[in-house]
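Can you make the complete structure from the sequences, with help from the hints?
Chains as they are written, first to last, in the numbering used here: chain D, 317 to 584; chain E, 6 to 416.
No lab work stands behind these hints, which were simulated from the structure alone.
Each hint should be verified, as a subset may be incorrect.
[As the list claims (entries may be wrong)] SDA-like mimics (lysine to any residue), calculated; alpha carbons at most 20 angstroms apart, straight line:
no., chain 1, residue 1, chain 2, residue 2
1, D, K441, E, E143
2, D, K441, D, E430
3, D, K441, E, M146
4, E, K221, E, Q162
5, E, K221, E, Q192
6, E, K103, E, A13
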Amino acid sequence: MSGPRAPLRVAVVYPDLLGTYGDGGNGLVLARRAEWRGLPAELLQAGSDRPLPDADIYCLGGGEDGPQVRAARALLDDGTLPARVARGAVVLAVCAGFQVVGRSFPGAGGDPHEGVGLLDIETVKGTGRRAVGEVLAEPTGVDGLPVLTGFENHGGRTSLVPGTTTVALGTVTAGVGNGGGDGSEGAVRGHVLGTYLHGPVLARNPALADRLLAWALGDVVLSSLDDAAAEELRAERLAAVGGHRRRRALRRARRRGAPPGTGAPAAH
Amino acid sequence: MRAQVAQAATRAVNATSRRLGRGQGTVAGGRVGLRIDPGLLEHLSAGRQVVLVTGTNGKTTTSHLVTVGLGASGDAVVSNGTGSNMPPGQVAALAGSKAHRAVLETDEVYLPRVLTATAAEAVVLLNLSRDQLDRTNEVRMVAGRWRAALAAAPWVQVVANADDPLVVWGAGAARSVHWVGVGLRWQLDAVGCPACEGRIEFSGGTWACTACDFAKPAPEAWLERTPGGAARLVRAEGRKLEFQLVLPGAFNEANAVMAAVAAEACGVDAADALQAMEAVEEVAGRFTVRRFGPVRARLMLAKNPAGWDELLDLVAESDAPVVVSINARVADGADPSWLWDVPYERLTGRTVVATGDRVRDLSVRLQYAGVAHRTEPDPVHAVALAAAGTDRVVDVIGNYTAFHDLLGAPA
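Structure representation (structure tokens):
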């Protein structure tokens, strides 16, 4: 049976509350990558003053502490997101949005707030400095993806709840990631994927964008696109992080008094 | 005594660093002076009438406009005019002048400290929006600190943008506030009410929280447009002052109105102040038309989504070639994710060349915006590439260090 396919609906959730860190770009990336393949797509900006619209993919982004609490309350009051996920909707949740779709997260004062519970994660306020900088993560929670690159900026520390179906998205090779002590970054349960990576993450990792599209579209085979610009960006960011690590190792070696050029020991 | 030694040291280091061509010497000398006398900013401010100008966008331009406006009185006015807006730059400027009136551009986060040190007579609060989130603070935190600092400074006159809820929150506990209506194009950072858990709704030139009584205060002055399209400052009691700036853009008209109200708070007639501002052609290189070989380019600075939003509107007034340049050095912030909040879609159909250290991030953003463009990592070459085949003045918009790279590039 063939016929015109209903447009793919991509909703950017609460850009008025969770739109602070450029993550609205994830919705744009998904919609364009569908359209570039001839698949009609609709990009919805879903404000927090309205009921959550019907969509195939929901994107949540980063935001400030106060608005984050409001976003969680609005999603809980709305109440429809878990049922939509149970019916097959895909969720990409970044930073504050990632924390919001977990079980609990800290407000501005560190007091715990209830999350939407789509991922079995718990976030508490970190005690040290904010995690700010470039991140690289080897994906473990989704098969067949290349290394993930992004920029993190968060004070929360996130742990996966053991004994659940939620797994880490990846293992951090540079940066902090979840910061819960296990070296993990992000979390995945079914078609709900959370991460700390900005960039936006789907602009820097087009293969991840296509995986979310494949989850949402099911039977459609995705043709390849010209990602030369994104590949150049990825190569640059990977090299930049590698360079930082080499320079850090060299500085440490110098502080220890090792003569330059003798092969600084690897960082540990 | 210590203060005098510190002042002399500040001037000496400034002079030396200028002679050595190491820049304007506005920070190095100030640092030395502050090390000798940590109270130097306080000592140098004593006996002067100090005006502080802060906000996310328009600080440098508005500081210059206030300086020019106060100058209409005939008095000498000193200002840290190069954008060095923290205490070292402020100390350096004050150490080099005996002027009674001083205008100090002040970093948003430093406002409380500088306010205490200078015992400023007036503070201008322009706007607050997202900017360099990896190195500064979230905007609600900044607004809260302004509020506490201004509540503790009952002597100060605040000139505040009544159209920005975060500014109104920041100014709301001050004893004396001149509310000025100059608009707020970028409203996305102000939706969550800073006073409660409600949301701010904007409509018909005003705003209010849906859950509490936090709302736009009645302005005593505002910017409006005459039927003929000219800008004018209107006072609630009826006075109307028409003005026409050489500086382009509606955002600069807003800056001029804020500056005129500040000048008036300091005893200079707003009409005289505005008249002096009308002649300003460029501010610290912004809007300068300069040559790169045979090519002419108008240089503009936008460092965050709100600033880009304004300048993209400005360049939409013509179809000149456009160069966009993005760096992510320390002064820019290390994370250019904010490019995805900038409506680059408005450049569709134009001749566009992307450049700067982060040209690759920019190129991916433009690709998803549907903006055909070329990339050229070297900014001077990018200007030449954009101009090829035309004799048009190229519009160049860069963020902080990208702008200064081009401003300082050899002709």
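These are the hints, each one checked on the structure:
1. D:K441 / E:E143: 16 angstroms, holds
2. D:K441 / D:E430: With Cα atoms ~14 angstroms apart, D:K441 and D:E430 stay inside 20 angstroms; holds.
3. D:K441 / E:M146: Within the cut-off at roughly 17 angstroms; holds.
4. E:K221 / E:Q162: Holds: E:K221 and E:Q162 sit about 19 angstroms apart, inside 20 angstroms.
5. E:K221 / E:Q192: 14 angstroms, holds
6. E:K103 / E:A13: 13 angstroms, holds
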